[in-house]
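Chemist: Sequence:
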Amino acid sequence: MVPLIYLYETVKDSQQFAIVLPRYSRSLHSYLMDHTNEVTIGKAIQIALDIAQVIAHMHAYELVHRDAKVKNILLDTND
Numbered sequence: 010m011v012p013l014i015y016l017y018e019t020v021k022d023s024q025q026f027a028i029v030l031p032r033y034s035r036s037l038h039s040y041l042m043d044h045t046n047e048v049t050i051g052k053a054i055q056i057a058l059d060i061a062q063v064i065a066h067m068h069a070y071e072l073v074h075r076d077a078k079v080k081n082i083l084l085d086t087n088d
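Its first residue numbered 10, the sequence shown is counted upward by one per residue in our numbering.
Derived by calculation from the structure, the hints in this document are not laboratory data.
Where a beta carbon is used, it is the ideal one built from N, C-alpha and C, also for glycine.
Some hints could be false.
Taking lysine-lysine pairs in the DSS-like style, the calculated list, with each CA pair at most 25 Å apart, reads [what the hints assert, rightly or not]:
1. 52 x 80
2. 78 x 52
3. 21 x 78
4. 21 x 80
Pairwise CB distance ranges (calculated) [as the list claims (entries may be wrong)]:
5. 46 x 75: 14 to 24 Å
6. 84 x 26: 19 to 29 Å
7. 27 x 69: 13 to 23 Å
8. 64 x 29: 15 to 25 Å
9. 64 x 18: 13 to 23 Å
10. 21 x 42: 30 to 40 Å
11. 46 x 24: 38 to 48 Å
12. 23 x 55: 39 to 49 Å
13. 83 x 21: 18 to 28 Å
14. 49 x 27: 28 to 38 Å
15. 46 x 23: 41 to 51 Å
16. 41 x 65: 20 to 30 Å
17. 38 x 62: 11 to 21 Å
Whenever a hint applies, use it, and build me the whole structure from the sequences.
Modeler: What follows is the structure in structure tokens.
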């Protein structure tokens, strides 16, 4: 997994702000459920570091994800 954020567009009105992203193949939650016995400590650490890198990048632009959880972390995987 490569920690990249592709941002197509932003949408803002008086009540909400949204970002438009590409459609990804699955969530981190579904990946972990399908690979429960295959995720090593090293892989788990790499996933955590990738997530931290993306969050740090977002924070550098003063963006905050208000609902960060494994079901909302999107992946583009081939497995």
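Chemist: Tell me the hint numbers this structure goes against, listed in increasing order.
Modeler: Hint check: 5 fails alone, others pass.
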